[in-house]
Amino acid sequence: MKIRDEDNSSGFESRLLPALVEAVAERRESSEPRHPVTQNNRSSLLQRRWPAVAVIACIAVLLAIILPAVSDDPR
Amino acid sequence: MTDEQLLARAGEDPAAFEEFYRRHVGKVVGFAVRRCSRPGEVPDLVAAVWLEVIESAHLFNPARGRAVPWVLGVAANLMASEARRSRREHEAKARLAGRRVLEDDDYTRLEEEIDAADVSGARRNAIAMLPAGERAVVELVVLDELTPGQAAKALGILSSSARMRLARGRAKLRRSLPSFAVSAPVNSPSLAKEVSQ
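Residue numbers (the working numbering), protein chains in the order written: chain U, 1091 to 1165; chain W, 3 to 199.
Bear in mind the hints are in silico, worked out from the structure with no lab data behind them. Warning: the hint list may mix true and false statements.
Said to hold, decoys possible - Not close to chain W: a few residues of chain U, all C-beta gaps over 12 Å, as computed:
no.	residue
1	Q1137
2	R1138
3	A1142
4	A1144
5	V1145
6	I1146
7	C1148
8	L1153
9	I1155
10	I1156
11	L1157
What the hints assert, rightly or not - DMTMM-like cross-link-like pairs, simulated, lysine to aspartate or glutamate; straight-line CA separation at most 20 Å:
no.	chain 1	residue 1	chain 2	residue 2
12	W	K29	W	E113
13	W	K95	U	E1112
14	W	K95	U	E1116
15	W	K155	W	E6
Keep in mind the model is a prediction, meaning the values are calculated, not measured. C-beta: ideal position from N, C-alpha, C; glycine also.
Make the full structure from the sequences, and use the hints.
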């Protein structure tokens, strides 16, 4: 470990440094996102929940067919 | 890389911090030596100042001033807040627990540096009696030899305010310690000049 001021190269300043560098590394780790954003996280609702979307779409189509037929019943 | 570039990254980049530390640890040690009366106190204060720098580095704006006065400002603000200083020193002690920091050589060297700084107990007490705002400016200008403008930037106050606090502080020091200017430390020529002005 070489400190610019030669008097400090083996002094207590050198022995403080590892603990301080650890503090910087910990700070960096804590500021990084815990769950990194991936391509999957950014995928659309359709890609992630396609079965549910398909079911809802089918129900909507059936209702669109059935409801007009019921309301137009001439009785 | 300049000091300012290194400091801006020092909070989250271990390599940048290490380089900045190597360049300027001597100034922080000098700051601590001028404020401590015993060698054993110096490493805790130095570590506390650097921990505060690590936490605050993201706030450093190179457009508003130089890196070293900013670090001394952080140190001065830490000294001005007893609670913050105590918290940081506690953190420093916890981080250094189990490590032997001060060797016999360091002890001797720091003792000599404290003697050479010649900030006697009477002077230390006189400065400590100043109100916190005046004390921070007086210490930075008189002990650390910053210009009043640099001290103002370091403390985040207007230059005119720094000059006013300095003038008030000097007047109080002259009243409480008439011998202050006469026996100014050899390695702090600005002390005699500042106090006698």
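Each hint, compared with the structure:
Q1137 (chain U), annotated as away from the interface, keeps every beta carbon of chain W farther than 12 Å; the closest lies near 34 Å. Interface exclusion of R1138 (chain U) from chain W stands, the closest Cβ pair being 33 Å apart, more than 12 Å. The Cβ of A1142 (chain U) sits about 41 Å from the closest Cβ of chain W, beyond the 12 Å cut-off, so the non-interface label holds. At the 12 Å boundary, the C-beta of A1144 (chain U) stays outside the reach of chain W, the nearest C-beta of that chain being 46 Å off.
Every CB of chain W is more than 12 Å from the CB of V1145 (chain U) (nearest about 47 Å), matching its label as outside the interface. Every beta carbon of chain W lies more than 12 Å from that of I1146 (chain U), the smallest distance being close to 45 Å; the non-interface claim holds. C1148 (chain U), annotated as away from the interface, keeps every beta carbon of chain W farther than 12 Å; the closest lies near 51 Å. With a least CB separation of 55 Å from chain W, L1153 (chain U) remains clear of the 12 Å interface cut-off, as annotated.
Non-interface call for I1155 (chain U) relative to chain W: holds, since the shortest CB-CB distance, roughly 60 Å, exceeds 12 Å. Distance check on I1156 (chain U): its Cβ is at least 61 Å (rounded) from any Cβ of chain W, clearing the 12 Å threshold; non-interface status holds. L1157 (chain U), annotated as away from the interface, keeps every beta carbon of chain W farther than 12 Å; the closest lies near 60 Å. Between K29 (chain W) and E113 (chain W), the direct Cα distance comes to roughly 17 Å. Compliance with the 20 Å bound is thereby established for this hinted pair.
A threshold of 20 Å between alpha carbons decides the hint, and for K95 (chain W) with E1112 (chain U) the separation of about 14 Å falls inside it, so the pair holds. Restraint check for K95 (chain W) and E1116 (chain U): the C-alpha separation of about 17 Å stays at or below 20 Å, so the hint holds. At roughly 15 Å between alpha-carbon atoms, K155 (chain W) and E6 (chain W) fall within 20 Å of each other, so this suggested pair holds.
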